[in-house]
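Chemist: Following the hints, complete the assembly by docking chain B onto the known chain A.
If you're matching them up, the sequences are chains A and B in order. Under our numbering, the first residue of the first sequence is numbered 89, with each subsequent residue one higher. Under our numbering, the first residue of the second sequence is numbered 89, with each subsequent residue one higher.
These are calculated hints, taken from the structure and not from any lab test.
A pair holds if it fits inside one copy or across any two, identical chains being indistinguishable in the list.
Using 25 Å as the maximum straight-line C-alpha spacing, the simulated PhoX-like pairs for lysine-lysine come out as follows:
no.	residue 1	residue 2
1	LYS262	LYS239
2	LYS217	LYS239
3	LYS100	LYS114
4	LYS264	LYS139
5	LYS139	LYS217
6	LYS139	LYS262
7	LYS239	LYS264
8	LYS176	LYS217
9	LYS262	LYS236
10	LYS264	LYS236
11	LYS139	LYS239
12	LYS167	LYS107
13	LYS206	LYS264
14	LYS176	LYS206
15	LYS139	LYS176
All figures in this text were calculated on a predicted structure; none of them were measured in a lab.
2 protein chains.
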Amino acid sequence: MALSAMTIISDKRTVYSNKWFSIVAKTLDGSADPYYSIEQSDCVSILALTKSQQIILVQQYRPALEQNVLELPSGHIEKNESPLEAAKRELLEETGYQGENLEYLGNLILDTGRLNNKVWCYFVSDVVKLSNNALTDEILSVVACNLKELKTYIIDGIIKQTLDMSIIFLALQKGKLPSNNFNI
Amino acid sequence: MALSAMTIISDKRTVYSNKWFSIVAKTLDGSADPYYSIEQSDCVSILALTKSQQIILVQQYRPALEQNVLELPSGHIEKNESPLEAAKRELLEETGYQGENLEYLGNLILDTGRLNNKVWCYFVSDVVKLSNNALTDEILSVVACNLKELKTYIIDGIIKQTLDMSIIFLALQKGKLPSNNFNI
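For reference, chain A alone in the conformation it holds in the complex:
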């Protein structure tokens, strides 16, 4: 689709920032009110499977929601780090698991209306436990489940973050996970 003249941004102004993200007011040519975008660094998220077909999840307290949430391991990419390096680091830090061949599944957007950053998504099989997770002081615990349980968590709304569902969906689409537990 061709962009009309109205979609040209005539002004950008940072109206708030902290060390995690900035709010940028973007005025479109011909528009009165600005759009407020939240600009933060890219992230990674990892779907890791053990040899015995266990998915590695993390459960952690999320202040934004003020509750514990069950999720795939994920985190921000640090400066001078590639998405792949970040994915390996986050998997090990959050879960204590490590794998050899992380496969890139795609990069996704969490909220096209508000957030500018991408999440780089990876799949890795045959992960092995090297250590206890290094982040127990951050109220994070590791949970392993099988594919049948994973499906139940999705249907029952226990896994409720769109990122996690999307990575599982992409992994199924790309033949990385056996589909027989997903009865569709």
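Modeler: Just chain B now, kept in the frame of chain A:
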């Protein structure tokens, strides 16, 4: 999982706000730096299918990403409006299509690390076109595709928002969409 004492929020402070969202600094008991949550109203998103199995998508310019994005119709819930009412309104406003029986698929979180709001997700079949979409002045165009094209859009990264993938995944899981085009 039981919450430890550290997960009790000892202080909440709004550090920025505009008419769309607020930034709230939440200090956890025992933690030095606050967590910054973005608080905004809940949203709806709708997977609408015509009698001839066409999925109704919208393409629009997104200032946060500074590009056109292909998505499911979606939007914020207005005051004094139920999620179901908002879903019907947004579907009609953005696409000109209307359906009788919107089925609730679940409510999802877009970014557990940052956003507090939920997206209420609906499926509706047999939608019919009542009018042209009312939002052409907002650089929004309606795109219909079949299920095979929908899968291609996901695999090729044309549909790249996790919300959209998750709703399609949930609809497949719950038997609302025929799965023969998806290898799951």
